[in-house]
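K.L.:
Sequence lines, in order, name chains G and P.
Each residue of the first sequence is one higher than the last, beginning at 1 in the working numbering.
Each residue of the second sequence is one higher than the last, beginning at 1 in the working numbering.
If you are wondering where the hints come from, they were derived from the structure by calculation, not from laboratory data.
DEER-style ranges, computed between Cβ atoms:
# : chain 1 : residue 1 : chain 2 : residue 2 : range
1 : P       : 3         : G       : 503       : 43 to 49 Å
2 : P       : 97        : G       : 147       : 52 to 58 Å
3 : G       : 537       : P       : 56        : 55 to 61 Å
We put the CB at the ideal spot given by N, CA and C, even for glycine.
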Amino acid sequence: MVYVPPQEVEDVHLHDPDTFMTKYIWSQDHKVIAVQYSLTAIAVGLVALVLSLMMRLQLGWPGVFDFIDPESYYQFVTMHGMIMVIYLLTALFLGGFGNYLIPLMLGARDMVFPFLNMLSYWVYLLSVIVLMSSYFVPGGPTGAGWTLYPPQAILQGTPGADWGIVTMLASLALFIVAFTMGGLNYVTTVLQARTRGMTLMRMPLSIWGIFVATILGLLAFPALLVSAVMLLLDKLVGTSFFMPAIVSMGEQLDYSGGSPILFQHLFWFFGHPEVYIVALPAFGLVSDLLSTHARKNIFGYRMMVWAIVAIGGLSFVVWAHHMYVSGMNPYFGFFFATTTLIIAVPTALKVYNWTLTLWRGNIRLNVPMLFAIGFIVTFTNGGLTGLFLGNVIVDIPLSDTYFVVAHFHMVMGVSPIMVVFGSIYHWYPKVTGRMLDDRLGRFHFWVTFLGTYAIYFPMHYLGFIGVPRRYYAYEDFDFIPESAITLNENISIAALVVGAVQLVFLYNLVISYRRGKLAGSNPWEATTLEWQTPQTPPAHGNWGDTLPVVYRWAYDYSVPGAAKDFLPQNQPPSDDAPVQEEDNLGFDSTDPASGGGTREDA
Amino acid sequence: MSILDKPWMAERSAIDNAVSGGSLNFPKARVALIFLMAVITVLFMLFSVAYKMRMELADWRALADPSVLWINTGFLILSSVAMQWAVSSARKGKAENVKLGMALGGAFALAFLIGQYMAWLQLRAAGFYAAGNPANAFFYLITAMHGLHMLGGLVAWTRSTARLWRGNDVADVKLGVELCATYWHFLLVVWLGLFAMLIST
Numbered sequence: 001m002v003y004v005p006p007q008e009v010e011d012v013h014l015h016d017p018d019t020f021m022t023k024y025i026w027s028q029d030h031k032v033i034a035v036q037y038s039l040t041a042i043a044v045g046l047v048a049l050v051l052s053l054m055m056r057l058q059l060g061w062p063g064v065f066d067f068i069d070p071e072s073y074y075q076f077v078t079m080h081g082m083i084m085v086i087y088l089l090t091a092l093f094l095g096g097f098g099n100y101l102i103p104l105m106l107g108a109r110d111m112v113f114p115f116l117n118m119l120s121y122w123v124y125l126l127s128v129i130v131l132m133s134s135y136f137v138p139g140g141p142t143g144a145g146w147t148l149y150p151p152q153a154i155l156q157g158t159p160g161a162d163w164g165i166v167t168m169l170a171s172l173a174l175f176i177v178a179f180t181m182g183g184l185n186y187v188t189t190v191l192q193a194r195t196r197g198m199t200l201m202r203m204p205l206s207i208w209g210i211f212v213a214t215i216l217g218l219l220a221f222p223a224l225l226v227s228a229v230m231l232l233l234d235k236l237v238g239t240s241f242f243m244p245a246i247v248s249m250g251e252q253l254d255y256s257g258g259s260p261i262l263f264q265h266l267f268w269f270f271g272h273p274e275v276y277i278v279a280l281p282a283f284g285l286v287s288d289l290l291s292t293h294a295r296k297n298i299f300g301y302r303m304m305v306w307a308i309v310a311i312g313g314l315s316f317v318v319w320a321h322h323m324y325v326s327g328m329n330p331y332f333g334f335f336f337a338t339t340t341l342i343i344a345v346p347t348a349l350k351v352y353n354w355t356l357t358l359w360r361g362n363i364r365l366n367v368p369m370l371f372a373i374g375f376i377v378t379f380t381n382g383g384l385t386g387l388f389l390g391n392v393i394v395d396i397p398l399s400d401t402y403f404v405v406a407h408f409h410m411v412m413g414v415s416p417i418m419v420v421f422g423s424i425y426h427w428y429p430k431v432t433g434r435m436l437d438d439r440l441g442r443f444h445f446w447v448t449f450l451g452t453y454a455i456y457f458p459m460h461y462l463g464f465i466g467v468p469r470r471y472y473a474y475e476d477f478d479f480i481p482e483s484a485i486t487l488n489e490n491i492s493i494a495a496l497v498v499g500a501v502q503l504v505f506l507y508n509l510v511i512s513y514r515r516g517k518l519a520g521s522n523p524w525e526a527t528t529l530e531w532q533t534p535q536t537p538p539a540h541g542n543w544g545d546t547l548p549v550v551y552r553w554a555y556d557y558s559v560p561g562a563a564k565d566f567l568p569q570n571q572p573p574s575d576d577a578p579v580q581e582e583d584n585l586g587f588d589s590t591d592p593a594s595g596g597g598t599r600e601d602a
Numbered sequence: 001m002s003i004l005d006k007p008w009m010a011e012r013s014a015i016d017n018a019v020s021g022g023s024l025n026f027p028k029a030r031v032a033l034i035f036l037m038a039v040i041t042v043l044f045m046l047f048s049v050a051y052k053m054r055m056e057l058a059d060w061r062a063l064a065d066p067s068v069l070w071i072n073t074g075f076l077i078l079s080s081v082a083m084q085w086a087v088s089s090a091r092k093g094k095a096e097n098v099k100l101g102m103a104l105g106g107a108f109a110l111a112f113l114i115g116q117y118m119a120w121l122q123l124r125a126a127g128f129y130a131a132g133n134p135a136n137a138f139f140y141l142i143t144a145m146h147g148l149h150m151l152g153g154l155v156a157w158t159r160s161t162a163r164l165w166r167g168n169d170v171a172d173v174k175l176g177v178e179l180c181a182t183y184w185h186f187l188l189v190v191w192l193g194l195f196a197m198l199i200s201t
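Pulled out of the complex, with its shape left as it was, chain P reads as follows (with noise of 0.2 Å):
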């Protein structure tokens, strides 16, 4: 397809009328999956210029970023990589795996959201409350809307191994492991930006 084919014409009709099928060579899942990433690409990004834009006036405070962030980052990098080796299990068609692996994946995302939780009762307890400076507002605000993220993908991953665990064939699952471990993956360097942002300024 270009501008410059001629749709009424029955040169390129002989062509057209041959097609079929979808426009893009993957799943309709991953299509939608690809398209709702873009969307939280944007969220995210409209979140960061926020940040920026509000941090240049005179009465932003840098918080003191809890260190439990980084054991956090270690735990999703973790989750993304029990994703993964859940995928390459799945294309090999080692059920066992499979399952070890989603079970690892949504643990360490688990372990995430736990640290996170942590890394705002340290806040508070150090005195660092939503309402008291925008820099604050923006960590609670811009975790939670990440954590949020997260929390939806849980639910796909409920689905998909509550799946594997009623014994259905690697093969019927494949999918939707598949897409957790992108969308893991996507989360995760979203997480990546984010933490830099958060902990450079």
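Isolated chain G, as found in the complex (with noise of 0.2 Å):
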């Protein structure tokens, strides 16, 4: 029998907040704790920045700085590639945007279980306490790199092999069980709680970026606790399921007969499609930054959400091309390499989609709209090594080497931040009522696009020169010559001046929260739901008395015979709001400048 919703949306019972403790510590209201998510995200990332510029430091002016040992060199290439994809990008996308954006742009009042979504964030902060009390523990945080490979991740010698390793996994455990409990939430209300005319294919894209990157992290999520359980039980129980007999500093351990490979599978059937759960809701992101700043509809909407799914599917059978050297049937690394090239094909269709949006938009420079389209094009630089990397026979010249580390950073560091900046510039006017400041907005995109790519663009050259990556100190080798010193010392230098100016963002947001130009309800003339709330920012319960009902898809933006540029999708069909009869959007059929004729739409 065919289900047949029912035409009013059943209201929610809401907790609601009456002391300062409930409305801002312990509160269940979505846009608060997708602020604490993000806050606490934010914070734990300038550590994280802060951990990559001692990187630099040692790099660019080797054995100058006293300070940093190798152990220490080791620990902040561990904690800093750890806490920026899962404890800032994950937690930023998914719990902050996610929390923020979710209820909002579907027209609900709050996520269905706000009592786990408060849950949620507690543990999340947990996680993060326990991560950083590794810096408290004798011996310091765990060196071991952040895939955490056994043996040597326990193996004394690695920095952090008794307290540090272990404070790791009970941290990233948490972090799991926080994601899970958010992870549902956010799901069950995308599917069950959106106001009536909210169709899925009327959903932005950002929702539907955020739904299948959850559904992703709900499902490999799992095996990063399986392996985290099980490398636990190897250090605290003496167990083998991953450590191989072997002698450590001149003695024979206990262990015997496990396997370190079985370690990389599940740790990469976590880790790949963990990089699609912190790009897909940067696509998402991106699609309506794109669509409402160029004021004109997103291009392929249709093709755009199959593609998110169909990059959802194929994330979960690429895992094994982070493993190419790890001496596997050539047959099965082909096989990899395989499904790793089919993956670009739906990536590059929604590059495609992005710059055809822009095609011929009423194009608007806002500091989103250039963090937006700042991201296309590092995306696509970084996509495009990715090309060389998913081949076994390039990859394994290139394997170990900054090549690598200049493909992922541009790829899944850069990409996604350019996203994250750009929402932000775009969303904090919903959240706090107030503009970011324009000039400093301005100035701190230019620095930090044109830096990171002063960063990361010369190490592709110290990839193809064979600078192996990991190394505290290389200036001792014969195969590296002089250029790739004074390279590094260039890099160091962009990386300080990158790092610097991320503090004139972090004075923005200080800053024009109290004295930012008022935002009025609507500033960048957006059509989803999230900006025509009754209140900015919007109220608990976001929507007064009653729900909003929703008349039209997303991208209702310069369409033909419409009084203004844009529609929002509360607004019913009128003379000067027209729904679209004819297949023409965003296009004058009798104007051949302007593409001429009926689109085929994709």
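Two chains, two separate frames, one set of hints: put the complex together.
P.N.:
Below, the structure is given as structure tokens:
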């Protein structure tokens, strides 16, 4: 029997806050939780930023800074990587933007399980505290590299092998619990709590990206949990899940017969989807930024949706391309190279659609738009080097060189961060009611954008000439030329500048909160529901007495015949606000200069 | 909704405007439970894959599975049956039977957990230590993970049962009872799969 949805959405019972504590600390309001998630993620991300600058100090001027020894260098590497990927990007995109945007963009009053949502944040905070406690345990944090490969991760000689690795694994387990609680909330809210008229195919792409990324997270994080639990047992109980028979420091250890490769498979079965857990929300958010600031509907909406879903599915069958040099069967490598190249197809479609969205758009080069365009360029760059590394035969000589460092920082470091910044500039006015300072924003964009290119472009060259990654000191090797050392100095200078300019961004966040220009409810003249709330910032419950009713899709920009160049999703059809009768969105079919004729939509 | 629908067109718009309510015809809590069960399925599948891969290596020595596991499996089946009885009683509105069913379901689940702990003690007594062999380690790990999920279920069970005992209307508690039962059946199926894997290797 076909399920016929009811006409009206049931109203939800809200947990009304009355004291300061329940309003801002133990809050169950998705907007407060989103801000809590975001601020925690940004704070811990700043720690990771400082760690990266410490690494650059050592690499740029080897031996000059006494406080950096090999041990601490590896601790910087490990903590930087893990924090950036998990505790900053995953938490910020899903816990931060997901929490804020899902109910608002879908016309809901809150998440469907507000208490669980609150619990999710506090367990996340606990995981961050446990992670940071690494710095206060004997031996300091683990220096095993963010992949935590056994056997070295838990053997003497690796920094933090006694305590640091335990706090790291415990923190990851807590994070996974927190994420699962949040994730169940996000998917259920997206599926079950949309307002009247908000069909799945009317959802903004931000929601699609967050939704699919959440499903990926729910299905991928168990692999990290399994590997973390088993590694923890190898460490604490002396089991041999992953630990082979091994002689360490001249002593035969009690381990025998375990398989380090098994860990790698489990880790990357999580680790590769994790790339898309970060990338898909970025894809979604940037689509909305581009469409809004280009005053044009997103090109190929349906293709964008299905590409997100296809990328999500494919991301589970490419993991072993991180393991080409682990001694795998060549046919195995061939299979994973093939799937890896296939995933480039939907990804490239998305890039084409973003650029085609810009084509003949009425582009407003606002700060969010600058970051969005910066994202397209950076992501394309990083994606193209992925084609090199995805092929086994090209990957092998480039493996473990700076080429890899350049690739993944471009594609999943700088690109998502571009979207994070763009999205903060875009939604800050809704969160606080005030605009971020425009001039500071432009300054922040240009220094960050050009600066990151000054950092990561030369690393491709370092990789080509064979400079290995993860080396603490590399100045006394014959195969590394002098030019690599001066280049590293240049990269470090660029990194310090980019690091410093983030202070301008923080200053902007703080100063604009009180002094920023008042934003009004819809400063960017956007169509999606979060800009149509009765109050800005939205009040508890978001919508006042009645929920919005949706009459159109999320991208009615520059509709021919409309009085304004944007039609909010909750605006009923009328003479001034038509709904498309003919399929020629954004194009005047009589004007050959605008592309002419009816566009065959994707 | 299909790949061919054009959400921006007037024709489609008229259809979409009338749509309201959830995508799935389930209560929200059930939707969340379905996703939770998917997550747990992936978790145990990964443990099983790791088990199979580790098993192939040379140092694997199968352990003598304690016979108490068969009794425990019986308890778990009884637990599921009792929970199902509670559900059908709740649908018929028979409050006393719901209470009895829930109480029995919880009691059998507890018996299962105690039995699993007994199995651990027997293994230890027989010298099968976790650090001794990966087969032992996997046995402890997999049974512990399954037991933890059972304990999590008992937390939800406690909430629903407490509401029953406080005299809430059966209709109010019905969803909680149904969700508990679904989760119980799910954990039974997971256990049967794990048990089959453990005794066959």
